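Number of protein chains: 2
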Amino acid sequence: MASATPLLKDELDIVIPTIRNLDFLEMWRPFFEPYHLIIVQDGDPSKTIKVPEGFDYELYNRNDINRILGPKANCISFKDSACRCFGYMVSKKKYIYTIDDDCFVATDPSGHKINALKQHIENLLCPSTPFFFNTLYEPFREGADFVRGYPFSLREGVPTAVSHGLWLNIPDYDAPTQLVKPLERNTRYVDAVLTIPKGTLFPMCGMNLAFDRDLIGAAMYFGLMGDGQPIGRYDDMWAGWCCKVICDHLGLGIKTGLPYIYHSKASNPFVNLRKEYKGIFWQEDIIPFFQSVVLPKEATTVQKCYIELAKQVKEKLTKVDPYFDKLADAMVTWIEAWDELNPAGASVANGKA
Amino acid sequence: MASATPLLKDELDIVIPTIRNLDFLEMWRPFFEPYHLIIVQDGDPSKTIKVPEGFDYELYNRNDINRILGPKANCISFKDSACRCFGYMVSKKKYIYTIDDDCFVATDPSGHKINALKQHIENLLCPSTPFFFNTLYEPFREGADFVRGYPFSLREGVPTAVSHGLWLNIPDYDAPTQLVKPLERNTRYVDAVLTIPKGTLFPMCGMNLAFDRDLIGAAMYFGLMGDGQPIGRYDDMWAGWCCKVICDHLGLGIKTGLPYIYHSKASNPFVNLRKEYKGIFWQEDIIPFFQSVVLPKEATTVQKCYIELAKQVKEKLTKVDPYFDKLADAMVTWIEAWDELNPAGASVANGKA
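As you go down the protein sequences, you meet chains A and B in turn.
By the working numbering, the letter at position 61 of the first sequence is numbered 61, and the numbering carries on one by one without gaps.
The number in the working numbering is simply the position in the second sequence, starting from 1, with 1000 added.
Simulated from the structure, these hints should not be mistaken for lab results.
Careful, some of the hints might be misleading.
[Stated by the list, open to error] If you anchor each label on the Cβ, the simulated ranges turn out as follows:
1) A:E336 - B:P1127: 19 to 29 angstroms
2) B:H1112 - A:V51: 43 to 53 angstroms
3) B:H1112 - A:K47: 44 to 54 angstroms
4) B:G1199 - A:P52: 26 to 36 angstroms
5) B:G1143 - A:K47: 52 to 62 angstroms
6) A:D56 - B:G1199: 39 to 49 angstroms
7) B:K1009 - A:R141: 36 to 46 angstroms
8) B:S1292 - A:L59: 23 to 33 angstroms
9) A:K311 - B:G1143: 34 to 44 angstroms
10) B:V1332 - A:P296: 47 to 57 angstroms
11) A:V51 - B:T1187: 35 to 45 angstroms
Since the structure is predicted, the reported quantities are computational estimates derived from the model, not experimental observations.
Built from N, CA and C at the ideal position, the CB exists for glycine as well.
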């Protein structure tokens, strides 16, 4: 591929939950300008988001979401960046990159600006190896390979569905950790990409995340957060846990590590604590639930897996809090809306997963 | 701890399978001299290994092994570096560091010599987190922590039994990969330590390895390799798979990543191919075996786990090759010899694991 043609130019959308910061797009211009942007405004629809000249974009506010989804719009969060998943649904591209507006271009240890999108694409285009751990990390990287003792039959790998990037400067801590370590900054650049092993859950952060929409998009639902909901800041976590058990079931991979972005601003820990505190309790039941989920053999598509997961959430987590009953219903609504906007032809790839 | 007093000076032995290279100990002198060395000579007992002045060491050759273990000496490999595990057995210390004589001191990206032993001790002394993946890697390192979404109940972690270090320069490749990529060198310094998740197997390399003898020593058996055996170069792999399933069962952790050593010399790929080729086939049955091993609740000590594992190896792998029948017997002999040399008092810690 010639470097003049950006990778996957016509196959990738960049989804941004909202843009409060005018510098954000200017900083990313060299890397983002060739791609199409989908901006999902998370608050008051009467406010205007200014997008600088030269960007190709579409913008959705709450009125648009209500108009497009009708009564099904109730599965999309309001006044919370979780609304970004509406962008995943309306995209018609194979790949999605999503990033927060307080994430800037990071530099690597040799001082070069990191093209995060390029690294995500590389991660997504090469296989994952979830069945056995490679001690030299990503075996497909230049200068690396599978080490002695790695079974040859497992070296082909499986398709990569998700690429989870990391953050320099402000780490993605929960409110209690933010309160205890207000000055901690992440300065360690770990030059690694690795597959999260099968059967292992991880905290998926939505700040700097790419995925293959055909392979896993229908499970990338960011739940019910924000306005009228009892929790926040678990949108990406919820999506991550759902995606991980579905990827494990369907034989797909999730990578984490490079690329880094520069996370510029810590969110307010007091506000975060209010949003998170129920999640901190509930999580203690949610994790064992996801660790023990078994999806039936008949669940051969992401949609079927997700509907089954919604059923199990309703059965097993509603006793933790009535919120999960509502969430399970919203999960079903999400799939209905997804299928409506992505009719058979468009989502055929899911059936092949 | 004052830097003048080396960490764990009286609690750690360094086990070296043989020393063919006079520079080896000189290079490591600043780091190793304060510790006791156990050298296990892997070949002709009539040859003499010269140990430079100033090192505190004991040396065992085949005659010593035969004298000390009597008929049980048949569980210790001959003419193969797998014999090093005899050193684990005769040690009376809580921690072991083992290193090959072609591994030199590496430098980190800022040009500092890496004290590998110090990093291993740090790895062993801080808990592991095998139940959930932390995307910022080792949460207990300076400047890092658990990220948002990591369940609080899992943050205490479990005791760390094994610290697996890596190699710059010559990577630990199998013979086929060596043949295909003779010039590949590992130049990527990945500044990370991480816990291998529960349920995930990995290829444990014995080149640069430390462990807690009380917690896992009795499972650190390097099998039957070398003289009179059909395979080689699977000694450390075998130990790694056994240790991993036992650690998972007993709630212990295994870390991999830092520290790096500089691996100076590629072994001969043609010789390696001869040693490895049966292992390359057998591995395809061995890995599914270890992935599905279930140890009974009553197996509450490393020894009990290991005896149970030997039983299952005999039952399930002997059909792959009669070698495994012999290996299973040797595993039992190993435990008998271990218990003889490490009577109740000394190995009480195993019972507490």
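Hint by hint, here is what the structure shows:
For the pair E336 (chain A) and P1127 (chain B), the beta carbons lie near 45 angstroms from each other, so the given range of 19 to 29 angstroms is not met. About 47 angstroms separates the C-beta atoms of H1112 (chain B) and V51 (chain A), a value consistent with the hinted range of 43 to 53 angstroms. Under the hint 44 to 54 angstroms, the C-beta atoms of H1112 (chain B) and K47 (chain A), about 52 angstroms apart, fit the expected range. Distance hint for G1199 (chain B) and P52 (chain A): a CB-CB separation of about 48 angstroms, inconsistent with the stated range 26 to 36 angstroms.
Taken as a hint, the range 52 to 62 angstroms is violated for the pair G1143 (chain B) and K47 (chain A), whose Cβ atoms sit roughly 38 angstroms apart. About 45 angstroms separates the C-beta atoms of D56 (chain A) and G1199 (chain B), a value consistent with the hinted range of 39 to 49 angstroms. Range check, K1009 (chain B) to R141 (chain A): about 39 angstroms between beta-carbon atoms, so the 36 to 46 angstroms window is met. At roughly 52 angstroms, the beta-carbon separation of S1292 (chain B) and L59 (chain A) lies outside the given 23 to 33 angstroms, and the hint is violated.
Between K311 (chain A) and G1143 (chain B) the CB atoms are about 43 angstroms apart, so this pair conforms to the stated range of 34 to 44 angstroms. For the pair V1332 (chain B) and P296 (chain A), the beta carbons lie near 42 angstroms from each other, so the given range of 47 to 57 angstroms is not met. A hinted range of 35 to 45 angstroms for the beta carbons of V51 (chain A) and T1187 (chain B) is consistent with their spacing of about 42 angstroms.
Checked against the numbered hints listed earlier, the structure breaks hints 1, 4, 5, 8, 10; every other hint is satisfied.
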